[in-house]
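Quick mapping for you: the protein sequence lines, in order, are chains F and R. Mapping of the first sequence onto the working numbering: residues 1 to 194, in sequence order. Mapping of the second sequence onto the working numbering: residues 1 to 73, in sequence order.
You may find that some hints are simply not true.
Said to hold, decoys possible - Pairs of lysine to aspartate or glutamate residues, derived as EDC-like cross-links and limited to a Cα-Cα distance of at most 20 Å, are as follows:
(1) R:K53 - F:D30
(2) R:K7 - F:D30
(3) R:K7 - R:E50
(4) F:K117 - R:D31
Since the hints were derived computationally from the structure, they do not count as laboratory data.
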Amino acid sequence: MSEEIVSELMRAHVYRLASTGQRVDGRRLDEPRKLSVARMFVKTAEGSARVQLGNTDVLVGIKMSVGEPYPDTPNTGVLSTSVELIPMASPTFEAGPPRPDAIELARVVDRGIRESKMVNMEKLCITPKEKVWILFIDIHVLDFDGNLFDACSYAAVSALASTRSRPSPRRSRRRRARASATTSRSRWSTGPSA
Amino acid sequence: MTTAKIKDLLLVDPSLDEERMADARLTVTTDENGDIRAMQKGLSGSFTYEEVKRIIETAQRVGRDIRPLLQSS
Chain F
1 MSEEIVSELM RAHVYRLAST GQRVDGRRLD EPRKLSVARM FVKTAEGSAR
51 VQLGNTDVLV GIKMSVGEPY PDTPNTGVLS TSVELIPMAS PTFEAGPPRP
101 DAIELARVVD RGIRESKMVN MEKLCITPKE KVWILFIDIH VLDFDGNLFD
151 ACSYAAVSAL ASTRSRPSPR RSRRRRARAS ATTSRSRWST GPSA
Chain R
1 MTTAKIKDLL LVDPSLDEER MADARLTVTT DENGDIRAMQ KGLSGSFTYE
51 EVKRIIETAQ RVGRDIRPLL QSS
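Please work from the sequences and hints to get the whole structure.
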C-alpha cells in the first residue's frame, strides 16, 4: 500500500499546506472526505454495499451459509472477513495471494465488527456443536485513493445492516437460476436490433 | 476513523499521497454511544498522549456524523 515513493516536491507541498491548516484537496485537517453509500448494490448477495470515500471506491458483499462451528465456540456463528486488492484498483496492487497490508486491513475491519458486537454471534447458532451460520464479509476494493481502513469498515457495516437471510438455500438457488435465465433472454431480444 | 501523522501534524481520512508519506497511522472504531470498540496503530512513527486523545475525540465526532448514512441509504 505504501511502497510507492512520494516526490520531495509533493512532500514539501503537503506539509507546508498542512502546517497552515490546509490540504491539497481543500479540506481542513480534521475533515473527512465526502462519503456516499449505496446499500443492496448486489441483488444476489444476502447483503451488500458500495461505498465511495472521496475517490476511494469499495464494494462489500455478505454471503451466508450453514456450516460447523469452531470447537472452542460451539454456540456461536462464524464471521470471516476477506479483502481483495485487485490490480484494477491501483498500480501498486498485484494479483496473487493477499499480502500483509491486505491481511491487516481485513483484520482491522473484522475486529471493529466483532468487538462492536453489532452482529449477535450467539443468534447465528442453529444447533450447538453442529450447525451455525457462517457469515462471509467479502471486501472488494474497486479504486484506491487512500484510507481503505475507513472505506472498508463503513462498507462492511453498511452491508451487514442491509443483510437479510434467504428462506432456504435451495430456493435461493432456484431464484438465481431464474434471474440468469431472464438476463440471457433479454440479451437475445435486444441482440438483433443492436 | 483513521488519522495519519506527518511529522507533527494530524490529518483525518488521509488521501493516497498523504497516506504514503505518513509517519504513523491510528484507526479508532467507535460505537453509537461514542465508546471505543477497537483501535489499530500502524507504521513506525509514534503518537503523544495528547494526540491520541485528540484523535479519539475527532473519531467520536466523525462517527456521529456518518452513522446515519451507513444505516439507511
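Here's how the hints hold up against the structure:
A threshold of 20 Å between alpha carbons decides the hint, and for R:K53 with F:D30 the separation of about 14 Å falls inside it, so the pair holds. For the proposed pair R:K7 and F:D30, the alpha carbon gap of about 16 Å is at most 20 Å, so the pair holds. Between the alpha carbons of R:K7 and R:E50 the distance comes to roughly 15 Å, so the proposed pair stays at or under 20 Å and holds. Of the supplied pair hints, the one linking F:K117 and R:D31 holds, its CA atoms being roughly 9 Å apart against a limit of 20 Å.
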